Amino acid sequence: MAAFAGRMWMFWAAWLSSCLTVTVAVDRGNFKTCDQSAFCKRQRAMTPGQSPFRALLDTLELSDSRLTLQLINDNNKVRLLLELYRLQGNMTRVKINELKPLKPRYEVPDILVTDPPTEPLSVVSRDENGVVLSLGAEACRLIVSAQPFRLDIMEGPQVLLSLNSRGLLMFEHLRPRKDTQSDPEGSERVEDPANADQPPTEKAPDEENAKEDESGMWDETFKSHTDSKPNGPSSIGLDFSLPGVEHVYGIPEHADDLKLKTTDGGDPYRLYNLDVFQYELYNPMALYGAVPVLLSHSPQRTMGIFWLNAAETWVDISSNTAGKTVFGKMLDYVQGASETPQTDVRWMSESGIIDVFIMLGPKPADVFSQYASLTGTQSFPPLSALGYHQCRWNYNDQEDVRAVDAGLDEHDIPYDFIWLDIEHTDGKRYFTWDSSKFSQPREMLQGLMDKKRKMVAIVDPHIKVDSGYKIHNEIRAKDFYIKNKDGADYEGWCWPGSAGYPDFTRPDMRAWWASMFAYDQYEGSMENLYTWNDMNEPSVFNGPEVTMHKDAIHQGAWEHRDVHNLYGFYVQMATAEGLIQRSGGVERPFVLTRAFFAGSQRLGAVWTGDNAAEWGHLKISIPMCLSLGLVGISFCGADVGGFFKAPSTELLVRWYQTGAYQPFFRAHAHVDTPRREPWLFGPENTAVIREAIRQRYGLLPYWYQLFYHAHRTGQPIMRPLWVEYPEDAATFTMDDQFLLGRDLLVHPVTEEGARGVTAYLPGRGEVWYDIHTFQKHNGAQNLYIPVTISSIPVFQRGGSIIPRKLRIRRSTSCMENDPYTLFVALSPQRTAVGELYIDDGHTFAYKENKFIHRQLTFANNTLISRNLVPDSSFSTASWIERVLIIGAHKPSKVTLRTADGAESPLEFEFDATSSVLTIRKPGVNAGADWMMVLH
Amino acid sequence: MFRLQVFLIVSLGAALGAAVEVQRPRGVPLEKRHFYDESRPFTCLDGSRTIPFDRVNDDYCDCKDGSDEPGTAACPNGSFHCTNAGFRATFIPSSRINDGVCDCCDTTDEYNSGVSCQNTCRELGQKERETLEKMAEITREGFLLKRQLIEEAKQGLQEKQGKLSELQASRKEHEEKVDALRTVKETAEQPEREAKERHLKAWEAQKAALQLEKEKAKMAEVFLELDGDADGLVSVSELQTHQELDPDGDGALTDTEAQGLLSGADKVDSAGFQNVWSNIKDKYVSEVRGPSCLLLKSGETDFWLEVSVHSYPEDDAGDEEDDEEEDDDDDVPEEYDDKVTCHRCRPMCATCSSLPESLEKEISFDFGPSAEFAYLYSQCYELTTNEYIYRLCPFNRVSQKPKYGGSETNLGSWGSWNGPEGSKYSIMKYDHGTGCWQGPNRSTTVKLTCGKETAVLSTSEPSRCEYLMEFSTPAICQEPPSLETVAPETDPHDEF
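Heads up: the protein sequence lines correspond to chains P and A, in order. Counting from 1, one number per residue, gives the positions in the first sequence under the working numbering. Counting from 1, one number per residue, gives the positions in the second sequence under the working numbering.
The shape of chain A in the complex, shown without the other chains (with noise of 0.2 Å):
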């Protein structure tokens, strides 16, 4: 064993230039300095037992708190301070003093082990001031970026709410039209609906007779579009606006071919129109595409709203049937369907009716306390490794794809905040991506750090399917603190 040097000289004053000598046991932070007194027994500080104060640092532990040896390993719980001048002061475990590997900046857990340390505290305290200042600056210009945004989704906000109440507003006036559309086709679709509520069993022989009323049906809507100027009867001029009635196939629908069609007559109300329909029901084209849907205007964005104007009973039945009723009625000419152009519209239609939606979905977002992370919403970004492209789309999901082809994989969608208490927004969370072999569903998880420019600065696979994102944001940056507090000098456990 070896006789340990139980007082330490610790020179302190490199701020101040001169200096100045505090004689302590080996480990013991200055402030503790008071229990440490040579010329009294020790007690143990969690007052346990007292012992001469020659088994201070002996290297045999007495105290059960490990307070004897501050400066020896020979306590499995203690500890031992580095004062480290010129960087932070700090401590380490017992077990690291004098165990072969420079754990304090200023060398002092290796007084005995034979391995030759290198004080480093003056770089690192260098090198820490000049992080923490650059962070401070991006901290400083971050947050002001923050301010904005938060300003930029206050007002993007009240925006599309108003839009959104407007979409509202006019959808509501539309579905108003359209209903009243529908009235008049419902109307002329009653029997039909009553017919197959009576005889829902008897569908078969009930077929031809609600063809007719659906015939019906399509004839009224003809008439009220064809008549043009509203005065309850068509016209033959009226009727010239469809070209493709043109009997002789000449191109050109005369005066003489429209009376023709109008059986000799000017004009016929919708009575004497049924003679005229079964004339042109073959060839009639409706002017808008479709009779079952609307062209509707809103703000900068066409389009479409789907009315159901089906006069099939069935109108709730799947594709399936309507199919089955088109191959049925091989008589009537495709045109004429309205199943074909309502399938045609249906998509349009879908994305049209689902935008006020999103727009209540993205309203809906938590986009952080003062909506700062809003800005994120529908944008993406991207990040290129040596073997994928990362993607990341806040709010909505995560994805990589080969650099070099090959197809996308989903690294999670949308989830929640994830951040600790406190800083919730700190961690955006993803998950449900495609599923991994033996393994979970991949996930990513996002770390927010401050930045000025918003991008994503880092990917990794931590664990199998589980991925860590590094994205910067000055919508994370924090107030910055008055600039005295950020220096290293004034860290509370400096002695300085």
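So that you can see chain P by itself, here it is in the shape it has in the complex (with noise of 0.2 Å):
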């Protein structure tokens, strides 16, 4: 569900009607442009090349891990403290702060997973307007000019990345408050005792003055919500330019293509939580999760950029090459005079300091391996999570979910998870039962069990404020709620109606929560019960858009300006320790989520909320989990079918079809929407949607392996193009086609009537085989595929193995011992590699190395399986029962060597027409060495 829809459409009724606009799209009248938030107008107010920041060089402080220095602006003589680092993996980190604030400004907590590790910075020469650093190997330079205060860093001759090169470094320090209220002139200001703290005793300049009467500083209004703004203004803002950078990603949650447009002229994009009522399509607005996260990239270099701060923030981005032609470029490379392409981007907060870690690449695996360094990798979900989900809003009781299961069943289409929305609890008060309708909630989950699925039920953050509620008295007893700024509970509407928020940034309210989630606690719960936080941007209807205002209180006096868009990313946390905690710290949790911040890729699942059944948002749902994957968050899908209005039929099977092959792969439908099961829409359609819902599961042995590779190395699962073919400018906009780690390419249909795609097939030299057909094509070439309804146009790349299980189940765990087919399909030099992974499939055992992990290599016309990881130990039922060379010659027989040296023949079948061999049976244990010989 979700979404601030369905029954509080009579809230809005009386607002809508009075806005023209009734439509159906998002009501943006509801949330801020930047001319509407007074930072982002502040600063996009000023004028570049004009710093008044200047760096004092004879405060240059240099310790074995960092170098600190002052900056001074000459405008109000404000100084700022400089530290830098050089991160190991080359990566530098730039912190920017006041040197002595009126008070404590807010850092990120919890979100790197360690204090990242340094390396020693040297001087390599100083002058009177700068100091160059050594940022180790290949000449590798930081550069700090003084005056104008910028930072450039440079490997060779080359400018790789400037901060403050056009001047916008802007840090609004904490000021005591002027007494403007009863003087609205300010004409005669007393100077404040508390400036004499301040190490600049100079008297401000008037300009500064004037500017303190801008709107907007003390308090906000928007709407009819007024934002009380007691410190008043604190924003900081830092320009950044990429020399020979066309092309920059990354900044989710937006509903925009993949590759970042320029903001000129429009707004920039915006990242702040919210419960965005039916988003709109291409365009820069904030939605449910905020990832500061921005990747640039060329040919030559892929770099990051992650800008470490939870306030409100806002991102521009410019280029010189925006506005220009294929022909003006041309021209301009003829005529060998132009400057280089350049890309400029700016970041804009309403709080906090400046920190910002600059992630050099050079290569795109590179960047995700730093970024992975700072903020942790993707959380290893049970393999069951990776199945196929089947949710609306909602299961109304627990016949209906026995009718569900039963009809999946019936239509031989698999599940493994069946999940409720909040329709299933008491009046909204989350972790109860519904006492009509869910009665017998463990009766309902051993149902489930038996059939070897599992199901998840919502818990959103809002706690209905009712004296009978235990949750809720418990946390008031505790004094856990955020309160407002007033000191009393915070109290919002959502749901239940009335709602407290507790307070997740604290430790202990966190550890709390999760203890709600033991057995014991959570009445009715079973070890298949699992979670689903929603609502937690936090979507607080009455609130200013939509969400919580701004001076509510978090603990430590934090405002929760200075931390909104972590509150996500703490409630997900807290509810996947809860599901740990409840078994002993031995079963790995599933948690979704539709807020989420900067690692929240740690903490399980992430969705795109709530999307709308059109074919614009089916294929948005591409860049999207795109863009997220970029940012290490890669377990994305969208609600397949859409969740707002009824899909066609058509829609729903390309839905479906699409979705089999994205990473989180969930149906889910609005309360106001007609149902639509897959078996609702005619044998046909049914059986086009078993069949793609059926390959989703014979691949599950490869998609659990990326996520095993994505937890271990942080590269995401689904993948853009260019990421795996850096140089291909061809790629580095492609966004309706992907590749699943490096051996698939899905391009979904995701239009309306197709009759075919053309899909882009990378690489030169290399070949790629019809996964369905094995029919063989060149890389580097657009191929026309003639699609119809129940085509899926994947490709597996020549010179990978893919290991599958072709006997499809009714869930994942009923295939656990199953065995596997290996598919092979041959590079142009008859060469192939690819692993196999297997564990247990949902405990942390793999921790202590319980897995089977080996690699697959065919080369000689040998296919050999080697253990990758030597001191893992597990033991699997599952067996090798066919290989699959595609792309082969007829061998004129085959044979199995075992690790006894017991060498035996295998029976094979030759299709000449489609060059594929298929060995019979090897037989062999999946977890040992053998050896395939073709001869």
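No lab work stands behind these hints, which were simulated from the structure alone. Take these hints with a grain of salt, some might be off.
In silico DSSO-like pairs for lysine-lysine, Cα to Cα no more than 27 Å straight-line [stated by the list, open to error]:
no., chain 1, residue 1, chain 2, residue 2
1, P, K645, A, K429
2, P, K776, P, K890
3, A, K429, P, K893
4, P, K437, P, K645
5, P, K776, A, K64
6, P, K437, A, K163
7, A, K64, P, K890
8, P, K437, A, K401
9, P, K619, P, K645
These figures come from a predicted structure and were not determined experimentally.
Can you join these two chains into the complex? Each is in its own frame, and there are hints to help.
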């Protein structure tokens, strides 16, 4: 479910009708533009090239791990402290804070997995206007220029990235409130005694005083909501220039193309977690989650900028080539006179400090590793979570759950999870069950368990204010609620009516919340019940922009303004911890969240929120999940079928086919839409949907292995093509197709009435095989593929080996002991490599190397299975059922040699038309050493 | 991998009391046993290829049709036969063999998965037999009731048709009477009509003249009315039936006073009545509740039939104009205004005149092949749940009302029979109910099940604003087959 929708319509009907825009799309008027967000407006009003900041080189201090230096704002004499770190793994960290802030400014905790390890910085040279620092190998230099202050990172003669090169560094220092209310002219200002603490005792020039009068500094009103801003202006901003870069990506979540657009003349991309009702496509408006990470890419280098700030943030992007036509660019090139292409990025946040990590790549995989070393990798989900999820707002009662479960069996459609939305609770009191509709939850869960299936029930963070509700009473007793600006418990309106919002930024609150998932606390729960955190932006129906007031107070007297984008992260963190704890630390959790932040990848899955049953929303699911994958969050999916509205049958079928090849595969629907379980659209469509889901289940061994890699290395699962083909400029803007890992290329059909699609197969000198027909195609070409309603164009890269399980059963755990079929797709050099990863599928035992991880190689007509991790131990009942060698020649015989040295012949079939060699029943255990030779 | 047991000893004979052992590969139904002869190579049942017999059930799929692996999960399209002795034999997809879930009640699908299944065939068989017996009884009794219903419906239909033609006849009769009266009136109105046609543009100028004609028309009516003995003369005694005409207001219209009103005469003819009219018109109250309505009696139902006697030239004009006229004619006392009286009787007239139509409508409904559903017409059935009272009025509408107050919601009006081909009358569809926000109009599907009682059994809302109701009625009960064929023992798939 979710959304601030449905039943809330009554509240909105009144003022919807007052607005003339009676449209089904987002009501933009509910959300701020940059112009309506005072700090964004102030920052955008700055003139480039007039930076008042100067580095005071004589304050430079260099220790082993860091360099510090003071900056001074010549306009107001406020001093800042710059810290520079050289981090392990080719990263640079730049921190800027006030030297002596009036009170501490918020520094985001809990997002970095460790204090990033540093490497020594050394001064290479120094003069009166700058310092050159060595960043280690390869002539990598960091240049600090004093006046105007700027930083440049260079490799050899090439500038990789510059900071404050446009002079847009902004740091609104904390200041005592001037008595401007009683003296609107502000003519006669008394020097505030608190200012005596400030090192600059010079009186601030008039210009600065004039700025103090700007509206929105000490309070700000949007629609009927006034933000009291007791701390006054506190925003920060900084510009980054990326010479040689024309393509930037990331900073999700936005319903927009993969390649970020320039924002000149429009609003910047906004990062502010919001519950946006019926969001619009292709615009920079904020959505449910925020990951302040931007990737830049050129054929030469991939880099990343991680702006660690949890306050409302806007990102402006401009480019000197944006307006140019291809011809214009060519002309520049021919004339040789032109400037190099450059992209400028500017970050603006409402509060906190500047804390930015520059990930220097140089390859895409390096950036992913660098970012993973900071914020962690994708959590390793239970295998079952990679199956198909059947959801709806709402499955009405236990009988409904039983009937849907039976319906899926009757139509032989596999699934692993059935989901319960908010209506399963007793009056939207989470951790409870509706006593008449779900009177026997354990019985229901046991019924699912008997079929080796699982359930997810929703637990939202808004807590009904009701003295008869245990959860509320305990939170109130422990004083865990967020406070409003006056110090009372903050209350907002959400599904249950009046609700409190627990302060998830508190570790003690999170620990308590986690304890509520214990089987003896969460009545009716069992080990096959998992959790969904929705509305955790947080959504507050009657709050400004449908979220919490920024002047609400969290623990430590931090304003909600400082921590807003972290709230959803913490909710999921506490919930995931609860699921781990209830099993005594044995079982992997599975928690879906709608709101997220940098680091949320460590906690579970994310979905793209309340989309709609429209073709455009199907299409946008690809760039939205690709963008999330680039910034670490691989476990991403969109509501299959579209949440709002009723999909046409064709759209539903196409969405199943697309979702089957995206990491999180869940069908979901709004309560007001007609039922749409897969068998409700006639036998032909049921068959097509079933086939899509079965393809998913067949490929689960590969999916699982991709998740294992993502968990170990931080490499994305769903990848834009440029990640694997970084020099192929044809791929840089592609977002209608994607790679899964390296080896599968998917081009889903996302056009209504499509008769064919044109897929781009990358890689000069490579080949790709259609996974359904095994037809071979050359790389580096656009391939037209005729399609029917049952087509899902997917290709396996020549040179890869992909394991599948072809005995599709009703759930993943039913398939646990089933044998594998290896799909060996030969490269033009007649080689291939792949892996096989197996573990118990649901516990943390893999951390103690309780797994099988094998490398499969095919070369010289020999297929070999080798142990990749010799000290691992796990035994499986699974065996190798079949080997398909695609693009093969016909051998005269095939032999198998097992670990004991025994050699035996294997039967095989060869299909000359498709060049597929099928080797019958090697029969070896999937964890064993073996070798297969084609003679 | 595991070595699989190729042959299964199927133990039969729970029914016979003695064991009969038949050897055949696991998962093969008895009737296909002869295709699996271990002494010969096996030919896939689709004939696509022949393989050595040791490849049957060797956990590798060789046949495209899956026929070589009837007892393993190796083929994606295979099926496994559970004998289910004591219950009903069945096929399950091969993918459910050894998947850790007990599917066959005889446990034979889980022979190597480690899960321990209980053999529940005997209980299931017992339960099914009981259910079937119960069903058979309900069907039997229900069907008897249905026969009765059909008989009643037949009679009811005849009666209704009779009543309808009677009504139609009497209506015709009354319409004729009315026509006669109208003729009188229209004769009087004729000049007025003509005046209207001729002088439409000079309407205002003509108004006074028209008014006079109107007066005349009224007068003619009153004359007719007063002339109780229809001798063409109004007498003193006839006038005295209208005490309200009493000129001195003492409550009694004496002979002298009446004679005075008749300008001293004992009787006046219609021409002489003109003078009398001007004396009495201010006070005269019609005996009939307005001259425009006649009381009709039909069967046991009293109803008003409207007769239009508007003297105003624009008979068809809307009420607004009528009102205007009332306002204009300040001099005409309200009692005299036929419009007023007609306003009063119109609603009654509306109901009475629609009765024959409703009968026609009822007769036109599809009450099933033998009108067995006719008894549901104009009945309503309720079911109270935790939150709501649901009300089904067959062939009319479905509604929902909150139990603890609140307004009723229309869940759909009668649409049509909507069952699948062959059992059209098993489902009723009600649609075009109250609209849903962002959703469809509410609609209800009523599933009919055979039962002795007529009652709403359950309601649910499987999809937002799409309701499902289970409704039991004897009218849907099918003629029970002879008892022998009901028992599970004779199921054609069973192997006893």
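**Request:** Output the numbers, in ascending order, of every earlier hint that fails for this structure.
**Result:** 3, 6
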